[in-house]
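Q: These protein sequence lines map, in sequence, to chains A and B. Residue numbers for the first sequence follow the working numbering, beginning at 1 and rising by one. Residue numbers for the second sequence follow the working numbering, beginning at 1 and rising by one.
Hints should not be assumed to be uniformly reliable.
[Stated by the list, open to error] Derived DEER-like restraints, expressed as beta-carbon distance ranges:
| id | chain 1 | residue 1 | chain 2 | residue 2 | range |
| --- | --- | --- | --- | --- | --- |
| 1 | A | D293 | B | E117 | 25 to 33 Å |
| 2 | B | G145 | A | D308 | 38 to 46 Å |
| 3 | A | K31 | B | A139 | 35 to 43 Å |
| 4 | A | G309 | B | Q295 | 54 to 62 Å |
| 5 | A | R144 | B | H65 | 33 to 41 Å |
| 6 | A | R144 | B | H308 | 40 to 48 Å |
| 7 | B | E87 | A | E299 | 52 to 60 Å |
| 8 | A | G76 | B | N206 | 48 to 56 Å |
What the hints contain is simulated information worked out from the structure, not anything from laboratory work. Beta carbons: idealized from backbone N, C-alpha and C, even for Gly.
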Amino acid sequence: MTIPALTVTHLSRLFNVSAPWLNRVIERKPKAYLRAVDDISFSVPSGGCLSLVGESGCGKSTVARLVTGLYTPTNGQMQFANGKNGKPLAAQMIFQDPYASLNPRWRVFDIIAEPLRELKLRETDAEITERVGELLTTVGLAPRDGRKFPHEFSGGQRQRISIARALATEPEFLVCDEPTSALDVSVQAQILNLMRRLQDEMGLTYLFISHDMSVVRHMSDQIAVMYLGRIVEQAATEVLFANPKHPYTQLLLETIPNVTDPKRDREVQSGEVPSPMKPPSGCTFHPRCPQADARCAAERPEMQAYSDGSRVACHRVAETMAALAVPLVGERRLSA
Amino acid sequence: MTQTPMLDVRALRVEFPGRHGTVTALADISLTIQPGEILGVVGESGAGKSMTGLAVLGLLEPPGHVAGGEVWLNGRRIDTLSDHDMEKVRGREIGAIFQDPLTSLNPLFSVGKQLIETIRLHLPLNRTEARQRAIDLLAEVGIPGPETRVDHFPHQFSGGMRQRVVIALALAARPKLIIADEPTTALDVSIQAQITSLLRRLCKDNGTAVMLVTHDMGVIAETADRVAVMYAGRLVEIGPVADVIARPSHPYTRGLMGSIPTLGARVPRLQQIDGAMPRLDAIPQGCAFNPRCPQVMPRCRTERPHLHPSGSGQSACFLNQPAQESAA
Chain A
1 MTIPALTVTH
11 LSRLFNVSAP
21 WLNRVIERKP
31 KAYLRAVDDI
41 SFSVPSGGCL
51 SLVGESGCGK
61 STVARLVTGL
71 YTPTNGQMQF
81 ANGKNGKPLA
91 AQMIFQDPYA
101 SLNPRWRVFD
111 IIAEPLRELK
121 LRETDAEITE
131 RVGELLTTVG
141 LAPRDGRKFP
151 HEFSGGQRQR
161 ISIARALATE
171 PEFLVCDEPT
181 SALDVSVQAQ
191 ILNLMRRLQD
201 EMGLTYLFIS
211 HDMSVVRHMS
221 DQIAVMYLGR
231 IVEQAATEVL
241 FANPKHPYTQ
251 LLLETIPNVT
261 DPKRDREVQS
271 GEVPSPMKPP
281 SGCTFHPRCP
291 QADARCAAER
301 PEMQAYSDGS
311 RVACHRVAET
321 MAALAVPLVG
331 ERRLSA
Chain B
1 MTQTPMLDVR
11 ALRVEFPGRH
21 GTVTALADIS
31 LTIQPGEILG
41 VVGESGAGKS
51 MTGLAVLGLL
61 EPPGHVAGGE
71 VWLNGRRIDT
81 LSDHDMEKVR
91 GREIGAIFQD
101 PLTSLNPLFS
111 VGKQLIETIR
121 LHLPLNRTEA
131 RQRAIDLLAE
141 VGIPGPETRV
151 DHFPHQFSGG
161 MRQRVVIALA
171 LAARPKLIIA
181 DEPTTALDVS
191 IQAQITSLLR
201 RLCKDNGTAV
211 MLVTHDMGVI
221 AETADRVAVM
231 YAGRLVEIGP
241 VADVIARPSH
251 PYTRGLMGSI
261 PTLGARVPRL
271 QQIDGAMPRL
281 DAIPQGCAFN
291 PRCPQVMPRC
301 RTERPHLHPS
311 GSGQSACFLN
321 QPAQESAA
């Protein structure tokens with residue numbers, strides 16, 4: 001095992017979604033909190049790619065924003081390993097919507113030069129010009145494209161500009177929040193290939209957020225599946241796809257449309273994601289779970305590590321594994 | 001064809017006149033859908049797939065208009081009908097499902113009221129019968145507790161349930177053709193699977209023809225019987241879905257299939273099509289795909305290929321045409 005680039009332990013984030021003070025007093029409403037991220041722990045291997053997957057509202061983007069410091073955590077710690085220069089790794093973020101994340105009134109040159117100027121990474125204008133040209137070339141654009149405005153570019157090219165901007169500060173850790181979900185498939189392939197190439201050339205570590213299982217499978221070494229603010233299963237990509245253990249992971253894999261092997265004659269009855277405002281008791285997945293029993297409704301399952309390197313939070317999996325006498329590796333291993 | 005197709009589009013052309021000349025949004029679109037068949041229409045944004053659906057529905061935004069070709073619905077020509085007559089066709093004979101289930105429903109009225117209004121507009125039923133029919137429709141699309149849910153408002157439904165209500169609305173008058181424009185794009189995958197299997201079941205049970213417009217090849221693979229691939233306002237390939245996926249004959253379709261990350265074998269690098277689709281006001285001469293095509297020939301730059309039988313389907317590429325076989 002390589003040293004983790006980022007270790008997250010017992011991370012939680014609550015949002016205050018209470019009614020205004022006057023309404024609470026008059027209508028006697030209690031304060032309300034939304035538990036967007038609920039006690040999650042994971043680590044991202046250095047030079048690797050960990051993906052967080054889940055459906056909308058499961059808290060994956062909140063994790064991205066916590067990791068980059070755009071939100072402060074309510075509880076828990078995040079520890080970045082030291083980078084090449086001995087300081088903690090520099091992290092940068094690529095956002096989902098390339099139309100909203102670039103200032104339409106700035107030229108591309110200024111968009112990419114801003115972090116260089118802000119952090120004083122280059123002294124003179126000539127050095128800045130050279131560096132911006134270099135970054136544009138790295139992401140497959142031409143230095144003269146710097147004179148244009150964002151609206152002159154297509155969605156895929158704009159996402160290249162966002163990547164160039166993120167790379168400007170020479171980060172070693174990139175948080176990518178759905179970087180391709182606003183793009184067409186042929187353009188998505190260009191961006192995914194670019195990201196893989198950059199990873200190989202620069203030794204970048206990715207925390208990749210996506211709802212698309214096939215993209216995640218293509219990009220990542222490790223996958224963590226989230227459901228209603230919790231990680232329900234984490235495993236190496238091949239292990240997870242070959243042998244999904246948690247019923248929710250199985251449901252996710254079952255329902256992805258597959259081009260090469262379509263499952264046409266199925267009748268799916270899988271229910272819907274409950275509101276994160278009122279998460280179900282015990283295991284939050286139990287109302288949709290085909291294997292749920294009374295224990296699942298009452299008791300929250302803890303993360304258990306298994307011998308194939310996967311970690312699963314499910315009573316059924318734990319019981320089955322115990323029956324098969326598969327030795328527990330223990331949760332403590334991760335923090336050690 | 002032995003049977004009259006439910007929808008028969010012949011050489012459809014849609015133009016948008018503008019200040020800087022006329023933009024041709026669709027050119028030479030010919031396709032048919034049989035009763036009980038699901039035709040998938042796939043393409044990237046701006047390929048004209050939604051435009052095709054809107055042209056059939058007669059809902060093109062002015063100044064866009066049908067500039068050529070014919071649209072036949074069940075043996076009757078509908079593109080020449082007056083607005084007044086077309087209003088009767090929409091809803092009664094062609095149902096429509098759009099992408100965003102929230103904007104397709106009026107937030108101020110209960111779903112029952114909206115369903116009853118639609119039902120009574122098209123069918124000669126009284127209020128009580130129409131209400132019963134609304135409840136039956138909600139049950140048919142799989143909404144639990146339809147007797148109480150019928151009086152709920154759109155905001156009380158989740159995204160997937162709302163899309164079911166929209167489908168119930170489209171089905172209200174038992175149309176023969178449903179045009180579903182990205183019906184699952186706004187939904188999560190596990191909900192998407194529920195909606196596509198619902199569409200398939202309804203299509204099979206009622207013999208409804210469906211035009212399923214989507215950018216997601218996976219949805220097409222799991223739902224459609226035949227697929228039409230569009231590029232820059234033109235059809236490049238049309239054929240049975242399994243054949244188009246397994247043996248795409250047009251270079252664009254091949255590139256498109258190669259660029260989709262699959263759940264099967266893991267590849268180090270995805271195949272990519274370099275460049276981007278041309279803007280509709282700057283479509284290159286000859287084949288619209290020629291600047292991005294890995295197998296481009298001199299002929300492709302001057303002459304436009306037309307749909308031609310190829311394998312079990314049709315494709316618009318000189319590579320697959322007999323005249324080229326001798327040259328190859």
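Q: Starting from the range 33 to 41 Å, see whether the pair A/R144 and B/H65 falls in it by beta-carbon distance.
A: holds, 40 Å
Q: Assuming the hint says 52 to 60 Å, is it satisfied by the Cβ distance from B/E87 to A/E299 or not?
A: holds, 58 Å
Q: Evaluate the given range 40 to 48 Å for the C-beta pair formed by A/R144 and B/H308.
A: Given a distance of about 42 Å, which is inside 40 to 48 Å, the answer is holds.
Q: Quick check: does the Cβ-Cβ distance between A/D293 and B/E117 fall within 25 to 33 Å?
A: Violated - the Cβ-Cβ distance for A/D293 and B/E117, about 45 Å, lies outside 25 to 33 Å.
Q: That 35 to 43 Å hint for A/K31 and B/A139 (C-beta), does it hold up?
A: holds, 40 Å
Q: Is 48 to 56 Å respected by the C-beta to C-beta distance linking A/G76 and B/N206?
A: Holds, since A/G76 and B/N206 (Cβ atoms, about 53 Å apart) stay within the stated range.
Q: Please check whether B/G145 and A/D308 have a Cβ separation lying inside 38 to 46 Å.
A: Holds, since B/G145 and A/D308 (Cβ atoms, about 43 Å apart) stay within the stated range.
Q: Check the following: the C-beta atoms of A/G309 and B/Q295 are separated by a distance inside 54 to 62 Å.
A: violated, 44 Å
In this structure, the earlier hints numbered 1 and 4 are contradicted, and the remaining ones agree with it.
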